[in-house]
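There are 2 protein chains.
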Amino acid sequence: MGKINTLEKPTPEKTTRFIKNAIKKSKLLTIAGKCEVDYQGRADGYLPLGERITILKPDGTTLVHQKNNSDPINWQPPGSRPSVKTQNKKVELKSERTSPNETLTITIHETLHTTSYNLTDGAQLTLNKQESQMQKQITKNPEIIEEGLRIIEAERKTGYGRIDLFGRDSQGNNVIIELKRKRVGPKAVDQLQRYIDYYQEKGYKNIRGILVSPSITPNAQKRIEDQKLEHIKLEPPKTKPQRIKTLDQFKNQQ
Amino acid sequence: MGKINTLEKPTPEKTTRFIKNAIKKSKLLTIAGKCEVDYQGRADGYLPLGERITILKPDGTTLVHQKNNSDPINWQPPGSRPSVKTQNKKVELKSERTSPNETLTITIHETLHTTSYNLTDGAQLTLNKQESQMQKQITKNPEIIEEGLRIIEAERKTGYGRIDLFGRDSQGNNVIIELKRKRVGPKAVDQLQRYIDYYQEKGYKNIRGILVSPSITPNAQKRIEDQKLEHIKLEPPKTKPQRIKTLDQFKNQQ
DNA sequence: GCCTAGGTCCCGTCC
DNA sequence: GGACGGGGCCTAGGC
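In order, the protein sequences belong to chains A and B.
Per our numbering: the first sequence ends with 254, consecutive numbering throughout.
Per our numbering: the second sequence ends with 254, consecutive numbering throughout.
Because the hints were derived from the structure by calculation, they are not lab data.
Remember, predicted model here, so these are calculated numbers, not experimental data.
Among the hints, erroneous ones may be present.
Copies of the same chain are indistinguishable here, so a pair counts whether it falls within one copy or spans any two.
What the hints assert, rightly or not - The calculated lysine-lysine pairs, modelled on DSS-like cross-linking and capped at a C-alpha distance of 25 Å, are:
1. Lys222 to Lys157
2. Lys14 to Lys238
3. Lys85 to Lys233
4. Lys187 to Lys202
5. Lys85 to Lys205
6. Lys140 to Lys238
7. Lys14 to Lys129
8. Lys9 to Lys136
9. Lys94 to Lys129
10. Lys20 to Lys89
11. Lys85 to Lys136
12. Lys90 to Lys228
13. Lys222 to Lys187
14. Lys94 to Lys233
15. Lys187 to Lys228
16. Lys222 to Lys202
17. Lys202 to Lys9
18. Lys238 to Lys94
19. Lys89 to Lys3
Model the full assembly from the supplied sequences, consistent with the hints where possible.
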């Protein structure tokens, strides 16, 4: 862990110098201050003056967080290029990127507190109850869905997207399976129907569509029946979490 | 702005006391530290030891940010209830909520830096180039879509979701319009078709479906044609940003 | 609470 | 780069 530096109530000039240095040294930076935010890009936005926390990450990510809510009120994704200058006694922190062309401008009228960090972290999250785990589970034990079912391919490509599981039943029918980790609405039924349409356009006969999820809304159930599709209840599995070691962690142990 | 407090390399006991106090006083808190994270809820997850920034907001939001990426690696949404204790010389910060039942446990092995803030901010973001602005624009000037079109209702309810715009053309046909602020794929075509199905099930005749967006993928274009729907190119409008004043800002001026 | 859709969604993956 | 789907999505608006 590198040194952590903090400034309290610094002048605009000091703030600018501090941010510049943090960017150069690839540090993670937090700035608490009274600021206004302008965004031009996929949309245009303006956020009037207020006290917020801005986070600048070494990968170019920029986040402006208000005191409420999970999501940042303004942001710039990884890969953006930050720059900073003092203008009219204010700190102007810009984060720009191309494709798409986007500019986030944070004008800091008053810096309350700023800190730079050098974090060491190569760990990766492992997650359970995922759709991909349902896919593996069913591939291994297709009888969970139906006796006699054979899975032929996972992630089979169509012109309209990838089919989660493609198989054949004991009667020789083609079976298209769409998996969802949680309760589904009409959208999931459409997705399944779209894949079926693709094969029907190609002249396939005897196609069954099965939507697999823990539950379904009444409207989606009605649509499943109207379109002669099927729904099967299944919870996403909870497998043992694997703990992955990364290069960064390995280095730490040296 | 209330006082900002910072601790550098505090003991677990000091950290726990500091966090407890920040929660009680409804402050926004950042903690830089070496931690592992356990999550149980809609999914299950585990993140091994590493150095991260944890943010605890006064509304119960909890965010764990690694040095890369826009999204927090672990989090808890607003309304979650935080609690903290020292255990085995480690700080255990929990954030729990009900419906759904979820628990986030951040075990801090080493606190590097922690700061509490009291932020004043009642400002709201104004955004341009939104779908809702396309809706208003077309409602005002339906000829943008087609000469003789009359808009009858916005956000009209169906059993399968809300129609962006419902109208009638110069020939007396019912027109269902689906708006998108950016390039669309097959999903948007399905959404439009679903609303049409609803009215066809109800016995309506002469229904046209129009998808409006700046552009469309080739596959979606094919599907539009196959299903005898229409696509019209339109960019989301850029209207004057309005600057909304909120109670919080008003108070600041007193 | 459930249902549905929008989003500067982000993010991964495969072409 | 475009295209497409998944997500602990989050968030807003109805009912």
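Hints versus structure:
no., hint, result
1, Lys222 to Lys157, "between (28 Å within a copy, 17 Å between copies)"
2, Lys14 to Lys238, "neither (51 Å within a copy, 37 Å between copies)"
3, Lys85 to Lys233, "neither (58 Å within a copy, 40 Å between copies)"
4, Lys187 to Lys202, "both (23 Å within a copy, 20 Å between copies)"
5, Lys85 to Lys205, "neither (66 Å within a copy, 63 Å between copies)"
6, Lys140 to Lys238, "within (15 Å within a copy, 52 Å between copies)"
7, Lys14 to Lys129, "neither (48 Å within a copy, 37 Å between copies)"
8, Lys9 to Lys136, "neither (55 Å within a copy, 45 Å between copies)"
9, Lys94 to Lys129, "between (39 Å within a copy, 21 Å between copies)"
10, Lys20 to Lys89, "within (16 Å within a copy, 37 Å between copies)"
11, Lys85 to Lys136, "neither (52 Å within a copy, 39 Å between copies)"
12, Lys90 to Lys228, "neither (64 Å within a copy, 57 Å between copies)"
13, Lys222 to Lys187, "both (13 Å within a copy, 20 Å between copies)"
14, Lys94 to Lys233, "neither (50 Å within a copy, 33 Å between copies)"
15, Lys187 to Lys228, "both (16 Å within a copy, 20 Å between copies)"
16, Lys222 to Lys202, "between (27 Å within a copy, 14 Å between copies)"
17, Lys202 to Lys9, "neither (68 Å within a copy, 66 Å between copies)"
18, Lys238 to Lys94, "between (44 Å within a copy, 22 Å between copies)"
19, Lys89 to Lys3, "between (28 Å within a copy, 23 Å between copies)"
Taken one by one, the earlier hints fail for this structure at numbers 2, 3, 5, 7, 8, 11, 12, 14 and 17, listed in ascending order.
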